[in-house]
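Enquirer: Guided by the hints, dock chain Y onto chain A, whose structure is given.
So the chains spell out like this:
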Amino acid sequence: MLKKYKLTFKATTLLLIILLVIFTFIALNVGSVNIKIDSLFKEGTMENFILKKIRVPRIIGSIFVGAILSVAGVVFQTLFKNDLADSYLLGISSGATFSISLVSLLGFSLQNLFSLPITAFFGSLFAAFIILLISRRNQENLILFGISLNFLLSSLTNLFVYLNKGQRDKIIFWSMGSFSSMTTGKMLVVGIFFIITTLLISKRHKELDILLLDEQSALSLGVNVKKEKLILLILSSLSTAIAVCFCGVIGFVGLMAPHLIRAINGPNNKQLLILAPLAGGLLMLISDTFARTILPAGELPVGIITSFFGATLFISIAYRRKRNV
Amino acid sequence: MYSPIKTLNFTGGYPEKEVLRNLELNLPKGQFSALIGPNGSGKSTFVKYLIKGLQPLPHTLYLGNKDITKIKQEENATLISTVNQTNHLPTGFSVFEITQMGQYNQKINDKENVLKALALTHTLKFKDQMINTLSIGQQQMVLLARAICQNTETIVLDEPFNNLDINHTQLLLKILKDLIQNENKTIFCIMHDLNLVLSYFDYCFLLGKNGKIYSQGTPEETITQESLKSVYEINAKFIINPETSKKIIIV
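Sequence order for the protein chains is A and Y.
Under our numbering, the residues of the first sequence are numbered 1 to 325, in order.
Under our numbering, the residues of the second sequence are numbered 1 to 251, in order.
Mixed in with the good hints, there may be bad ones.
[Stated by the list, open to error] Listed below are several chain Y residues computed to face chain A (Cβ distance under 7 Å; list not exhaustive):
1. 38
2. 73
3. 74
4. 82
5. 84
6. 88
7. 90
8. 104
[To be verified] Restricting the straight-line Cα-Cα distance to at most 27 Å, the calculated cross-link-like pairs of lysine-lysine (DSS-like) are:
9. 227(A) - 66(Y)
10. 203(A) - 72(Y)
11. 29(Y) - 48(Y)
12. 111(Y) - 206(A)
13. 107(Y) - 270(A)
To be clear, the hints were calculated from the coordinates, so they are not data collected in a lab.
Don't be surprised by glycine CBs; every beta carbon is placed ideally from N, CA and C.
If we strip away everything but chain A, and leave its shape as in the complex, we get (with noise of 0.2 Å):
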């Protein structure tokens, strides 16, 4: 009998742990500051408030981010049939830039812990309906357009935050991403977020996996798919959200990580929704780490470096594939 796939899930899943702890060890040591790790057992040191203030946060942060976009990418790419779609690729993630930009060009604070994702989360839905609207009129340029939306989207984001004087320079965070401002506030928000999501996702692989097949299919095997594609997408807009209104948009990740897995382990959702995150959490962690240890002083965004790894996976993607971009 012929093997499926290269790895089985079990050997995936302890793989990938693996390499998220080795990777969580070295980005706990490497840094502007050069830190033993066993200062995070030495209280009251500078050594350990860096550890404990700004790299755990922020190393665990990026973790749960790449995760939860990860989810985020694998719920798109079913939704709309489409391996090449994600947060990112659809315009989601600006439509979260866009509305918090518009509000707080408004004038309100958006200072809060929750107040800053719901703004963004009513964004992203924005973007994700006017996706799904399209997707019903037209599937085979859905791309194309989700590629339109976000540079729309994300040149009214740049507008909003130009006019909104003293907050110019957070065009680049917003656009390119960034997990500079990380807090044990803003890791945990994501994380809970990051929990209850992907719970109440997984709970549907058997719908995700039957919406894989055509709607006539999936309504004759009792999937209601208008009811089921609408939770998804609410829950799918709501991860892009979170992920979004702390760190900016970084594009891509939901995207590699998902296409990373089906290769390895096929596409059966059941385990795809737990190997995706793991194995966005540490394309995150990876990436951040470049992001912040590259230049000799300061910092690159990190969605530069998403970007470039995500756009070549793009393009040998849609090279391969002829159509349906």
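Expert: Frame of chain A; chain Y shown alone:
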């Protein structure tokens, strides 16, 4: 009288075009029935209503004794399963996994039942193969296995013999007959090949161009020179198959 699918003055179609009018149909239980009619007479549209892809008026379409507008999607899938004409089969799923999707409506994971369904459709040997590596004919059999897995009283097949070679056609006919005999299923097929209907089916509904049922009964009674002239606008002649003494159309 009980019938698995029943319509009362059923009207259906799309906002821009009404296709089916005043349809009165009582599907006989436990038989091999066909729905025939010219292209565009609304046969496939009717299947969409059966799976709640389109919403009929209340009290016009019943599955068993239940008004379909009062049945939830999941329960609907326990009353009727379908093998559709066009299918999108995602890459990376095995034959077993695709078949197991038929158990979604029952909230169970019964591997033995999946294997039994595959055995009934002669596809057990493919169970670990990827669905996309199978031929169209083999895929059709797997999709029937998935419908069997839904464990419904009635299976509706939309032009199941399209794209099948003569060998797979005979195989599918035998499987469907066996399902009626051994598993107490009711089989309802949308058909274009009238000679197959004449040779193998128990009962037949002929849809006219106006969206009403022109005639119904045994295929012998339904498919006549007169009805073919009136519905399909052809002058047909019949010969008798000396082996089976069933009618064969020659045009």
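Enquirer: The structure should be examined with respect to each hint, and the outcome stated for every one.
Expert: Here is what the structure says about each hint:
1. 38: Nearest chain A Cβ about 22 Å off; hint violated.
2. 73: With a minimum Cβ separation of about 4 Å from chain A (threshold 7 Å), the hint on residue 73(Y) holds.
3. 74: OK, holds: residue 74(Y) within 7 Å of chain A, min 4 Å.
4. 82: 4 Å, holds
5. 84: 5 Å, holds
6. 88: 4 Å, holds
7. 90: Cβ of residue 90(Y) sits 4 Å from chain A, so the hint holds.
8. 104: 5 Å, holds
9. 227(A) - 66(Y): The hint holds at about 22 Å.
10. 203(A) - 72(Y): Holds, at roughly 20 Å.
11. 29(Y) - 48(Y): 21 Å, holds
12. 111(Y) - 206(A): Measuring from Cα to Cα gives roughly 15 Å; hence the hint holds.
13. 107(Y) - 270(A): The hint holds at about 15 Å.
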